[in-house]
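Visitor: All chains, please: the whole structure from these sequences, using the hints.
Take a look at the letters that make up each chain.
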Amino acid sequence: MNSIKSEKQISVAEAAAEIKNGDTIIIAGFTVWRKPMAIMYEMVRQGKKDLHLIMNNPSIGVDILIGSGCIKIWESNYCAHEIFGKIGNCFGRAVEEGSIIYEDYGHYHTVLRLQAGATGVPFLPGWSCLGTDLLNPEYDMLGRAGLRDGSNPRIPRKKFEIIEDKFYGEGKIVLVPAARADVCIAHVQKVGAQGTVRIEGQTFACIEAMKAADKLIVMAEEIVPENELRREPGANTIPHFRVDAIVECPFGAHPTGVFGYYDMDGRFISDYHFKSRTKETFKAWIDEWVLGVKDHNQYLDKIGGARLTSLRSNSSLKWSTNVVRR
Amino acid sequence: MSKNTNNTSGKYDLTALMVMAAAREVKNGEVVFAGTGLPMIAIMAAQHLHAPDAVLIYEAGTIDGKTISIPSSVADPRCVYQASVASGVANVFETLQRGLVDLGYLGGAEIDLYGNVNATSIGDYMHPAKRVPGSGGNVDINCLAKRTVYIMVQEKRRFRNRVDYLTSPGWKVKWWDEGAAQPKWVARKKLYPKQFQGGPSAVITNMAVFRFDETGTMYLDTVHPGKTVEDVKNNVEFDLNVKRVTGETKMPTKEEMDILYNEIDPEGIFLKR
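Chains A and B, in that order, are what the protein sequence lines are. For the first sequence, position 152 (counting from the first letter as 1) is numbered 152 according to the working numbering, and the numbering increases by one without interruption. For the second sequence, position 2 (counting from the first letter as 1) is numbered 1002 according to the working numbering, and the numbering increases by one without interruption.
No wet-lab data here; the hints were simulated from the structure. Some clues are possibly wrong.
Claimed, not checked - Each pair of labels, with its calculated beta carbon distance range:
#	chain 1	residue 1	chain 2	residue 2	range
1	B	Glu-1094	A	Gly-22	30 to 36 Å
2	A	Lys-172	B	Met-1126	24 to 30 Å
3	A	Ser-310	B	Glu-1230	46 to 52 Å
4	A	Ile-162	B	Tyr-1012	33 to 39 Å
5	B	Asn-1262	A	Ser-3	48 to 54 Å
6	A	Tyr-168	B	Ala-1181	28 to 34 Å
7	B	Gln-1182	A	Ala-17	24 to 30 Å
As the list claims (entries may be wrong) - With a straight-line Cα cutoff of 20 Å, these simulated EDC-like cross-link-like pairs (lysine to aspartate or glutamate) come out:
#	chain 1	residue 1	chain 2	residue 2
8	A	Lys-318	B	Asp-1064
9	A	Lys-215	A	Glu-228
10	B	Lys-1156	B	Glu-1237
11	B	Lys-1272	B	Asp-1013
12	A	Lys-166	B	Asp-1164
13	B	Lys-1243	B	Asp-1213
14	A	Lys-279	A	Glu-97
15	A	Lys-279	A	Glu-96
16	B	Lys-1146	B	Asp-1213
17	B	Lys-1184	B	Asp-1112
18	A	Lys-86	B	Asp-1258
19	B	Lys-1146	A	Glu-170
20	B	Lys-1190	A	Asp-165
21	B	Lys-1130	A	Glu-97
22	B	Lys-1130	A	Glu-96
23	A	Lys-72	A	Glu-18
24	A	Lys-158	B	Glu-1237
25	A	Lys-86	B	Glu-1155
26	A	Lys-49	A	Glu-18
27	B	Lys-1174	A	Glu-14
28	B	Lys-1184	A	Glu-161
29	B	Lys-1254	B	Glu-1237
30	A	Lys-5	A	Glu-248
31	A	Lys-215	A	Glu-14
32	A	Lys-158	B	Glu-1178
33	B	Lys-1184	A	Glu-138
34	B	Lys-1174	A	Glu-18
35	B	Lys-1194	A	Asp-165
36	B	Lys-1146	B	Asp-1053
37	A	Lys-5	A	Asp-244
To be verified - Partial list, derived from the structure: chain B residues whose beta carbon lies under 7 Å from chain A:
#	residue
38	Tyr-1012
39	Thr-1095
40	Pro-1133
Ideal Cβ placement from N, Cα and C applies to all residues, glycine included.
Guide: This is the structure in structure tokens:
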């Protein structure tokens, strides 16, 4: 078999085109791991505007989208590059300039919002954040922007609510609203030709993220025969009928890493962090690495075969034993 | 975090000293939540030394990995090796919210007298002078673990009378009565139910180790070799209680140094040569 036929398969460019200006989006992954970078780069090339982002732990991809003017609303809990950069520079600049609306939550509350979206309820309770500025009524930034009037079905009428537990009498507990997105984009190891999703290693908040959007686009390192994944259904995470479109893109998460496939490219992320420290040098980086290449294949050619090979995971250990990490 | 340097007034490995101070906070058998960097190394050192049965949880979803190559972050495949469970963020936060985590290690940009930490922004939140990454799991771990230990840089601008943004709660926290724009300061223990009566228990910096008294107020416990109480006071904005100082922070032993550099981080990912 030369290729695996799938009616759901679309290209990276088609995947990015599924995201419309003004959409509410969720991006799966965790900081510098398993981010759908190829689609995010393509979103920059397609000049997306006014996106409303709800996700946990953004890093380089979202920083690039913010620097490129694609994001209007950021609802999250973090934006940096782990040990490769203490802040997303474009994110930090946009917050300091007031050019994006930022709504801060804690990590668990962000995940609860995704879980609520995934499970179809309007909110879920969680105990953290009591006593902090994350629940400061003055710091409701979507409210301050006049966007909590109920006219946008993707924006809840409140940032949070605090109630008394009436079931066990355990006192005050925080409710956070469901994330209800138009589209989720994710990057995973394997997807079956019909759309069944297989994640290997840690799942982060990807399963909740993938279930919380109306449309789900899954990019994978490999499209594999559906029956291959169905030999071990217990290891699969999302059933085929929930997946609207699939994209095959090896190294599609670069410079972030994929368990069992390749390490994140720390040198690349550090270099991005350095280059993104001013608007001018960021623009030059984008011109070189995003707008200057026509697609992800050209981008990978530019990275170079030897570099990519050094990132490749050891098939037994699931991480690279050849990558230079310092 | 700080580099391995020969300190100005005494030659010793500051990073190793801080890591070992953090490692000594772990008791055998405890369940510990660790973030990226020195906390990871601290808990691994504790597992090698006095706490072999401590269980390490990574925020990205791994429980009790038996790491043989130091992960560069909590979502690294290296976290997962020989783990009991590799799952997701929800599962480990549920474990935390179930009250099963004894200790968490955290960091931040600013801390106040009561252990409130800012990890969000410097200056006015609405028009910040400098944005920093945001809470991440800082607030969750600090709210829901039995004890937390902060590892921070000792600077006057970081040890504040009041933090600019209260990301993660110490022992006296903000509360807004219904409809109130201005908060009042309340005891954290009154705000949280009985299963979450913990909070910050120590702060480890490049100069000293601090703890919290019965009222939840920070005091100086030990000073690192080569530093004085005055040095520490000069690097704190608030009026620091120095009446309970117990002496010098313990130096790492040769065995401990060997474990840190040769067993845990031989690649020098966090412990620079």
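Visitor: Enumerate the violated hints, using their earlier numbering and listing them in ascending order.
Guide: 4, 7, 9, 12, 18, 24, 27, 29, 34, 38 and 39
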